[in-house]
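Protein chains in written order, with our numbering: chain A, 1 to 329; chain X, 1 to 337; chain D, 1 to 318; chain G, 1 to 315.
Any given hint could turn out to be false.
Each computed DSSO-like pair below joins lysine-lysine, with the alpha-carbon atoms no more than 27 Å apart [said to hold, decoys possible]: (1) X/Lys205 with X/Lys108; (2) D/Lys227 with D/Lys238; (3) A/Lys14 with A/Lys255; (4) X/Lys108 with D/Lys238; (5) X/Lys205 with X/Lys41; (6) A/Lys255 with X/Lys205; (7) D/Lys227 with X/Lys108.
Non-contacting residues of chain G with respect to chain D, defined by C-beta distances greater than 12 Å in every case (computed) [unchecked claim]: (8) Phe24; (9) Phe40; (10) Trp55; (11) Phe104; (12) Leu105; (13) Val115; (14) Val124; (15) Glu187; (16) Ser207; (17) Val218.
Simulated DEER-style distance windows between Cβ atoms [said to hold, decoys possible]: (18) A/Gly279 with X/Ala91: 32 to 42 Å; (19) G/Met31 with A/Asn286: 51 to 61 Å; (20) X/Asp153 with A/Ser289: 22 to 32 Å; (21) X/Thr22 with G/Leu45: 33 to 43 Å; (22) A/Arg97 with X/Asp153: 49 to 59 Å; (23) G/Met31 with D/Glu95: 53 to 63 Å.
Quick caveat, the hints were computed from the structure, so don't treat them as lab data.
All values derive from a computational prediction rather than experimental measurement.
For glycine and all other residues, C-beta sits at the position ideal for the given N, C-alpha and C.
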Amino acid sequence: MTSRDVLLEVSDLKVHFPVDSVWARLRGARPVRAVDGVSFSVERGSALGLVGESGCGKTTTGMAILRLVDHSSGRVVFDGENLSDLDASAMLRFRRRIQVIFQDAYASLNPRMSIGDGLAEPLVIHGLFPGRRQERVRALLDMVGLPSHFVHRYPHELSGGQLQRVTFARALAVEPELIICDEPVSALDVSIQAQIVNLLKDLQREFRLTYVFISHDLSVVRNLCDRVAVMYLGRIAEVASRRQLYEGAVHPYTKALMSAVPIPDPDLEATRERVILQGDLPSPSNPPSGCRFRTRCPVAVDRCGESIPELREVNRGQWAACSRISEFT
Amino acid sequence: MIESAGMEPVLSVRNLHTRFHTEDGIVHAVGGVSFDLLPGKVLGIVGESGSGKSVTALSIMKLVVSPPGEVTADAITLEGEDILGIDEVRARRIRGSRIAMVFQDPMKSLNPVLTIGRQLTEALREHLGLSDRAARDRAIELLDRVGIPMARDRLGDYPHQFSGGMRQRVMIAIALSCNPSVLIADEATTALDVTIQAQIIDLVKRLTEDLGTAVIWISHDLGVVAGICDSVAVMYAGRIVESGPVRDLFHRPSHGYTLGLLGSTPRLDDDEERRLQPIDGLPPSLLDPVPLCPFLPRCRHAVGACREKPPAWRDVADVHGTRCWADLTPYWRATNG
Amino acid sequence: MNTLAYLARRIVQIPVVLIVTTLTIFIVVRATPGDPVELMLGMQTSPDAVQAVREKFHLDKPLYQQYLIWLGDVIRGDLGSSIRLNRPVSQMLGERLIVSLQLATAAMLFALLISIPLGIVAAIWRNTWVDYGATGYMVLGFSIPNFALALILIYVFAVELDWFPISGIGSSTSRGGGVWAFVSPFILPAVALGTVQTAYFGRLLRSSMIDVLGQDYIRTAHAKGLKPAVVIAVHALKNAMIPFVTMVAIHFGYMIGIQITIEYIFAIPGMGLAVLTAVVNRDFPVVQGFTLVIAIFFLVTNIIADVLYTFLDPRIRY
Amino acid sequence: MSTPPLHIGAGDPSAPPAYRGGAFLACQQFMRNHAALAGFFILLLLGFAAVLAPWISPYDPTALKLSEKLLPPSFSHWMGTDYFGRDVMTRIVWGGRVSLSVAFLVVFYSLLVGVPIGLVSGFVGGRLDNALMRMMDAFLTFPPLLLAVAIVGLLGPDLENVVIALGIVQIPVFARIVRGSTLSAREEVYIVAARALGASAARVVFSGILRNIVSPIVVQITIVFAGAIIAEASLSFLGLGSQPPDPSWGRDLSEARRYMGDAPWLIIGPILACMLCVLSINFVGDGLRDSLDPRSWRAKTTGGSTPRVPEQVTP
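Pulled out of the complex, with its shape left as it was, chain A reads as follows:
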């Protein structure tokens, strides 16, 4: 790790959703701290996995990077330029370089546009390939493994996997550098999911793409990502390289999360030690004091409630936010 070519750097990102109505505020409703101080960086050509359970703020983080939601504070630096300061028109330049894929491919395509029109739209917006757009659209379909006559189809005529391929084609249309993938394979059946995962890998190699891969599925993330950040209630619990995380996770939450992921091997399942977390996720509008995880943490002690633990480097490149971390490593 000598000359790190960092493409995206997020530092201390916070997204708080304010309480809109005066009445609700009077009754003591608090802002939802969906993302509350998240930092990570992504190297060019690599894939960062952003994992966590529902409500942990992983999707909001992705949307804040894209400026599709406004962040309250923090910085998002893309290729040396601070996106947080840009106005909408300056942001337009970057829209071409940062693309996004959503979980529900059907919903992310305009139902009244044919696939061909949908794929041509980004080309029109950015004035790319004038006069050759039809060929470009067909080439894009080919890239994602779809036949060219799909240009005349409508989204509702396609299967889930095909639709997700179309959204990839649309993202690739503008030759982006970074693609934020928000649970792109979660809604798909495993056999189709595997097709898409492999497609993602191939495209990454072919176009030297950088991914921020948002997912709740640790197994998929292991297959696809070089580094992984584990989020819990708006904060990062642990961030490490793939090998470090999957073979030597240090944060109690990461350990519990991993032990809860089922493995398709009956012998292993019968012998695995499982940490079953008690209770539910607390509300992000009223998180526990100190360490957010302490209410469910199997090793929590009194002092965990005193202050919010900062991310600390435990091993080289492996960071964890736990005040008892020194006792575990």
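Start from chain A and add chains X, D and G according to the hints.
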């Protein structure tokens, strides 16, 4: 087909067919499913969406609406009693008391405008004839058992006041309220986070062991099935293509589709370099079933026989059978060395 | 508590809406041509007499002052008096409102009586002849103007069969009392008025019922082995009724305005006819007072609809 | 209960299907709805009759011929004659001319004003939205017919004023529908996706939102059109619409009322005409509602897949 080995099965299904008459034609959702469920055991049914696993469950529960649905079978036997031809009134007495079901989405499966207490006591009053008071006491006991704190105070609450995991606990309490001999869990943990899923699986395992309830666990997740089931049936395009004891099936998959599923599934303990082996193409149309193996167009291991005649059921080991002509053992050994 | 807070907030908003509403009406009424005093007194009257009437009704003052005077009076509970009839508006309102409410209630009862069973059976036996019959009735009910239906009803039931009287609402004493004497004049107007609502409500209930019957919790209820009647009456109907009841309340608010043609045909002394006469005569205080009451009535029924919604749906807590 | 999982995979057809635009597919779907198609043709017929009234009706709609008053239906007078000896059938055809043109103008004007208000309100949001919607609310606190009666009453009984009154009444209806659809369209993932692609606000409005609010607007047009026909008849019935001796369904009914005991056929004709017209529009409206939904556009010729919304497997 999972045959009973000496023990009398609590539920036995023979050659179940379910069709739906639609505008476009007849959809053959289930095309000849047979299995035996042994008392106290957990049978997993795995398959992707559209494979017919949920419809199989609904058919057994007699919850398929006719028309457009149409259910036929050679036999469906519950605790030695034929339930295939029974009328709706008797079917109703069986549902919820002797076979109970837990569904995928606990938010949608609970009635939003009725209290938890009401929804929990309904079946008790209906099937066991309990008084309001007795039903209430039993409801509190049940909620307590599924791990809902302060059960007494929560009877008057509505579903939206519970978290996702808690709702599914309530669903389990409802399902187990009349001590059914069979519990069908249809993707019961799919909508939940993994840590909550682990809680629920743990709970179901514990409760059914205590009560001696036999379970049909329907899931698309091979990992969940590997962890909870005693035996597994793999469904594809409305048919069981392979079934056997869970260890046997995972160690010696003997159908092209099972192999494909395992190859497609990313694992937490994977090698980092392992490339997934997806199944190419898409599942077949259920409108016009082909006589040959429905998996043939997507299969990497097809042999000559596959293109000539429909696959017959054959045993590969004790109570482990497959509907596949190809001998996949060498291949499987080679790839998993 | 929160529902109460929401309610309080809604009630606080009423005056704001009412000021916008009455101000709009005030400006429109005054801005259109036609002088009430001339209309009333005719051309030959002496300028002094005209001036006297003008002063009495503050018509000589600038518009904004007239509005403020009117508003001040309203706040003190005085709606003024009719230019034409020289009677207090509140007194006229009292008589008219009772008649209109009686008719609206009768029509609503009829609409509910028909639409609820119709909507439920159409949803349960969807795509059978029961459903086709019910939806056929609803489409016809939508398509016939209420005054046209009234004419047909009058011809068949009053002229040919002579079962019901054509008029008599609001003059109950003249017939010498008795329940039938009070009720019978309401039957034809109520049916004529309520038929459109039977179609509207029936269709709404049918579609919300179909929606509810497709929900997962209905499947759960069946999986519990409950009787089909229980599933429908408890699990389905309770959910389907939420949008239905809300819509019924809102329609009740509108009922008074739709009555106008029916009042015209059956010679019913209701609010609609009063507004019509007052508008034609430029009887400002009457128009102003009646529109205020109609707007209040509509706003109140809307709030009732909202409250009913929170009452029926435990998920909503403001 | 549960719907069958109609996941019927797409075996890609060897021959690529011919290109078919959305409009074509919507039309194709509309044609499958027989009631809607019938309604459409009846409307077309009524429209032609109204336009060609002067040429196709054998009698004068207004000329008095007292010698032929109150004749029952016969071959020469299909629907009989009225008190002044005028042919009822002729007056119905001419009345349709009035009704349809009033309804058409009402839709036109209320659309012209209501849609931009709703679009601006929904898209800009904030204070402007609040102000516009409170204004619309003020209109909505009156029952629409009563408001129309008041407006016509103030402006004077006249067909032009009927158009103005009914148009004003319908403006908030269009504004609200457009605003609602805009707001919900704005939340759609594909609109977010378009923004992420760098689409400008104008592009989002016109290509994303407008396309998707067309169908609620079109459906609302049919509702307003039907409502306007009934409202015009109601106003004319009250004596606020077209003035004698001009023909009008409502006006004629009001006159026929007096001779109902002796000449019941006088009320049947206008009522049937009005109902037929409204019924047809309602059928067309229902047909449009279905056929404008892209999920219904499955041209059987394309073969392969059937509609399938991806199954949600995760929270």
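Hint by hint, which ones does this structure get wrong, listed from lowest number up? none
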